[in-house]
Amino acid sequence: MNRSNEDDRQREDDEIDQAFIARLRGLTPASVSASADDGPEHSLGIESILYRAGFQAGQDHVRRVSIVRNADTRQWLSLLAASVLTAVVTLPIALGIGRHWRSPSPTPVAGQHDVTPAETVNAAPVPSDASSEAPDGAEATPSVKSNKWRDIHSDWHLTTLAGGTPLATLTAFHSRSLETLPRSNWIALQDDLFDAGDPISAGDLDTLTATFDLQVQPR
Amino acid sequence: MPPQELAETWKRCSSRLLLIARAIGEPAEDAVQEAFLRLARQTPPPDDPFAWLVTVTRNQLLQWRRSGIRRRRRERDSDQQPVWFDGESQQMESALDAQEVTEALKRLDADQRQVIVMHLWGELSFRQIAEVMACSQSTAHRTFQSGIRAMQRKFNPTADPVGGRDSK
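Protein sequences, first through last, are from chains A and B. Residue numbering for the first sequence follows our numbering, starting at 1 and increasing by one per position. Residue numbering for the second sequence follows our numbering, starting at 1 and increasing by one per position.
Bound conformation, chain A alone (with noise of 0.2 Å):
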């Protein structure tokens, strides 16, 4: 910087008066403190560069912070907004799969036996036990899968509530009717209640008393 100086000066010295130069420098530029005698609002000093300079680095200090909290919050209502979509999204789709596959809450047929619902539940997908501990009248009858005495049970559930007769259903697509069925697997709804209104044939009581190893007292 010094060498580019002294060149700046002898280019100088080889075109213009020094003396007027030297006159010139000889003139000190005037203090601030001359300068800002104009009123308070003029006022320019060291003490107001300070006190202004701290002033706008607690500025800073605060807006910064500011913003690190504001990103905070945002980034929470993000996750909030993500959170309240996706459950917007899957909830119908949730409920929709849950409505297909909900099967509906099977109760004992009233007169069986007193069992609660929940060894109800318990015992109706065991086929098999109840088949070894059913009667030797009953062994005849064919042997239904739990899985599709449930499909059978819930195809004469939704004929019954569109009007169908059951058994006209089991007949037509099951080619079985009500008694070649083991009648304790029969389950029902609780607002189903049991049509007695067929009358008991020739040779029924006698397969009910073989199937509930009834003893019949005669007069």
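It should be emphasised that the hints constitute simulated quantities derived from the structure, not laboratory data. Honestly, I wouldn't trust all of these hints.
DMTMM-like cross-link-like pairs, simulated, lysine to aspartate or glutamate; straight-line CA separation at most 20 Å [unchecked claim]: (1) B:Lys11 - A:Glu47; (2) B:Lys154 - A:Asp17; (3) B:Lys154 - B:Glu131; (4) B:Lys11 - B:Asp97; (5) B:Lys11 - B:Asp47.
Use these hints to put chain B onto chain A, whose structure you have.
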């Protein structure tokens, strides 16, 4: 920049910077204050604080001039005739009259006035002036020469050392 260092820089540079700012335009005090406030926030501090301050002050004044901001303040300040030089220098026998020099500088072309003030009283080299004014070093030097000749004719009409080559 630490406060102590800022205060020392203020003591060393503020008067020269204010004179350069006046040569560029008003409001010079506001521009100087703004430049020092920016220097306080500057991290890391510049290698040459005075050249940095001159650049920031000039850019600030040009920006205010372009955008018209503080025009009212500038017009009000123009009525108050700010002092460019200390009156003590008038006591020297060989010194020029400060007010006459101020008026002569004001009548110069803006670039000539800025280059002369930066070089004579701001003690900036032509290389530094070229960086501040975004021109070549030779352009800065030629501008200085032409401005000095114009002022010399004002204060000593008989002296014309280079035969009137000062026209721009």
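Where does the structure disagree with the numbered hints, that is, which hint numbers, in rising order? 3, 4
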